[in-house]
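Visitor: Working from the sequences, and respecting the hints, build out all of it.
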Amino acid sequence: MYRQATPAASSPLPHRIHKSLLLASCADAIAASLHGTRLPSTTDIDSAITIKTDPAALSHHGEHLLLMASHLAAHDGGLDEDNLVWTLAQYAPHTADSGTATVLSQVAQGIPWWQAAPALHNGQGSHGSSAAVRACAAGLLPHHGLGAIADIARRSAVTTHTHPWARDGAAITATATACRGLPGTSFTANRFLAAVASQAHDRETAHYLSIVRTLVRHRAGPAETIATLNSAAGVLRTVPAALTAYLRHPSDPTAAVRYALALGGHTRAITIITAALAGARNPQYHPPSTWRAQSHALRIHPIANALAALKNTSPQPWRNP
508 MYRQATPAAS SPLPHRIHKS LLLASCADAI AASLHGTRLP STTDIDSAIT
558 IKTDPAALSH HGEHLLLMAS HLAAHDGGLD EDNLVWTLAQ YAPHTADSGT
608 ATVLSQVAQG IPWWQAAPAL HNGQGSHGSS AAVRACAAGL LPHHGLGAIA
658 DIARRSAVTT HTHPWARDGA AITATATACR GLPGTSFTAN RFLAAVASQA
708 HDRETAHYLS IVRTLVRHRA GPAETIATLN SAAGVLRTVP AALTAYLRHP
758 SDPTAAVRYA LALGGHTRAI TIITAALAGA RNPQYHPPST WRAQSHALRI
808 HPIANALAAL KNTSPQPWRN P
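Residue numbers (the numbering used here): 508 to 828.
The set of hints was computed from the structure by calculation and includes no laboratory data.
It is possible that part of the hints are untrue.
Beta-carbon label-pair distances, calculated as ranges [said to hold, decoys possible]:
#, residue 1, residue 2, range
1, 629, 705, 37 to 43 angstroms
2, 554, 697, 16 to 22 angstroms
3, 581, 626, 28 to 34 angstroms
4, 738, 758, 28 to 34 angstroms
5, 717, 818, 37 to 43 angstroms
6, 694, 737, 40 to 46 angstroms
7, 559, 601, 19 to 25 angstroms
8, 558, 590, 36 to 42 angstroms
9, 628, 705, 24 to 30 angstroms
10, 808, 724, 16 to 22 angstroms
All figures in this text were calculated on a predicted structure; none of them were measured in a lab.
All C-beta atoms in this analysis are idealised placements derived from N, C-alpha and C, irrespective of residue type, glycine included.
Guide: If you want it as C-alpha cells, here you go:
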C-alpha cells in the first residue's frame, strides 16, 4: 500500500530533488515491459506496477537523466556541452536506428557533436524524445529562473537533437519540472501550462500544448489522449502525452504513472517525464515497495544533495506559473 501525499512546500530541497529523480528511475524500470506496446491492457499495466522491478533495467533515458543531473551538480549548475555529450556516449542506446544512438556513436569515434547532431535527417536534426527526458534534470536546479532553466535545457538538447521541436521539448520538460517544485505556489493546470508555453518557440509545439489544455479540461482518459495525439511524431507526442498524464492526476503519482503507462508507444520516455514531475510536486509520496530499488536510492541521494547545495551565484527570482 502506498501513502499518497499532498504537495509539501516545506519539504527540504534535497528531498524534493531526490523524489523526482527516484520516481523517474522507478518509472523507467516499471515501463520496461510495456515499452513499444501500442495499446497496453489493464492487466498489462497491473502486472508492470505490482511485479518487483529490476534495478538494472534503466534505459538510456533513465541513465541520461541521472547523468545530466550529476553533470549540473558537478559544474555548479552550468553546462559543459563537450563533457556532457561524451559522458552520455558511454551509455548510448542499444537500438542502432535511434538518432541519439547515431550521434553518440559518432561522438565516441571522435566526431564533434556539433557536426554529428545537425546532420541527422537530411540536415533537420532529430526530433526524438531523449533530450526532453534528460532535460527534466535542469528543472531541479535551485536559484534559477524559468528562462535560465529553459536555456540550459535547450543547450543540452542540441548536443544530440537540433530540430526546433526537440529543443522546445527539452525547454518544456525542464520548465514543467521547475514549476512542480515551486514552494508555496498555488497550482492550476492553466497557470502551469501558461508558464510552460512561454518557453515554446515553435508554432507546432505551442499548438500541441493547447491540445494538452483541452484534454485536461475535458478530463480525457488515456484512450482519448491516444486518439488525439496519435498523428504526432517523436517529441510532439511524448511531451504532450506526459504533461497530460501528470495534469490529470497532479497529486497522485501512482495514478499519473498508470495513465502514462496506458498511453503506449514510447512508454518509457512518457512515463519517466510524468514521474519526474509527480515526484517534484509530491516529495512526501511513498511509492509501492515493488517500485523501489535500493541501488537507485543510493545512487540518487548524493546527486540530490549536490544539486540542492549549489550556491546562488546569479540570483534569478522564480516566476510563479
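Visitor: Evaluate each hint against the coordinates.
Guide: Checked hints:
1. A C-beta distance of roughly 31 angstroms is found between residue 629 and residue 705, which places it outside the suggested range of 37 to 43 angstroms.
2. Residue 554 and residue 697 have their C-beta atoms about 36 angstroms apart, which leaves the hinted 16 to 22 angstroms range violated.
3. Checked against the hint of 28 to 34 angstroms, the pair residue 581 and residue 626 passes, with Cβ atoms roughly 29 angstroms apart.
4. Here the CB-CB span from residue 738 to residue 758 is close to 31 angstroms, well matched to the stated 28 to 34 angstroms.
5. Between residue 717 and residue 818 the C-beta distance comes to about 38 angstroms, which sits within the given range of 37 to 43 angstroms.
6. Separated by about 29 angstroms at the C-beta atoms, residue 694 and residue 737 break the suggested range of 40 to 46 angstroms.
7. Here the CB-CB span from residue 559 to residue 601 is close to 23 angstroms, well matched to the stated 19 to 25 angstroms.
8. Between residue 558 and residue 590, the C-beta spacing of about 38 angstroms keeps the proposed range 36 to 42 angstroms intact.
9. Residue 628 and residue 705 have their C-beta atoms about 28 angstroms apart, which keeps the hinted 24 to 30 angstroms range intact.
10. At about 39 angstroms, the CB distance of residue 808 to residue 724 disagrees with the hint of 16 to 22 angstroms.
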